[in-house]
Amino acid sequence: DAGVIQSPRHEVTEMGQEVTLRCKLISGHNSLFWYRQTMMRGLELLIYFNNNVPIDDSGMPEDRFSAKMPNASFSTLKIQPSEPRDSAVYFCASSLGGSGFVGEQFFGPGTRLTVL
Amino acid sequence: GDSVTQMEGPVTLSEEAFLTINCTYTATGYPSLFWYVQYPGEGLQLLLKATKADDKGSNKGFEATYRKETTSFHLEKGSVQVSDSAVYFCALSGNNDMRFGAGTRLTVKP
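Residue numbers (this note's numbering), protein chains in the order written: chain A, 4 to 119; chain B, 15 to 124.
Among these hints, one or two may not hold up.
[Stated by the list, open to error] Partner residues aside, some chain B positions facing chain A, computed with beta carbon under 10 Å:
{"no.": "1", "residue": "F32"}
{"no.": "2", "residue": "G57"}
{"no.": "3", "residue": "F76"}
{"no.": "4", "residue": "A105"}
{"no.": "5", "residue": "G108"}
{"no.": "6", "residue": "L120"}
{"no.": "7", "residue": "P124"}
Worth flagging that the hints you see were computed from the coordinates, not collected in a lab.
Ideal Cβ positions, reconstructed from N, Cα and C, are used throughout, including at glycine.
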């Protein structure tokens, strides 16, 4: 199994540009999580989908951030416009969950975003 | 809401020392408990888990026991190695919820 796949692995962009991060879930998994990790704030949950439906998006910082699941195996996290404070490592994770249950999460390798 | 509190780091030990990283939780219902490990430059990986009270999770010499009476899930290893240097996260999975602790950085010196 290929595991969770994230792209790109590194992204450097300038303030104001649009950034799109991509994630492919493990086959058969039905839950998808986006996290952000920084030295200052640690690991933060941004949004959680179950069966393509957003369950908890309370961690999404502001309207500049949006996440979608166009199909059951793929997700995007978009930042528009990007700001230097968005610089972080962004992880996605997938799991096999049931009704009201979050199973063991499998993390991708992360995307290191730098906004200049 | 549910939450996880774990011992602040960093923790620095000599090789072959005994390791304990404390983790306590607050939750309604009966959550599952996890320890994840993050090596430099990588994503988190599941280290061990326990799904009900008194269960012991173990892997790679690490152990943790789900203690409902003390709401704890402390991570232990009898003899650490340099290769165990990493950040360790305690986590719980409850009702439509997943909470991680702040992480504890462990450095093991030869």
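Results for each hint:
no.: 1; hint: F32; in the structure: 26 Å, violated
no.: 2; hint: G57; in the structure: 3 Å, holds
no.: 3; hint: F76; in the structure: 16 Å, violated
no.: 4; hint: A105; in the structure: 8 Å, holds
no.: 5; hint: G108; in the structure: 8 Å, holds
no.: 6; hint: L120; in the structure: 16 Å, violated
no.: 7; hint: P124; in the structure: 26 Å, violated
Against the hints set out earlier in the document, violations occur for numbers 1, 3, 6, 7.
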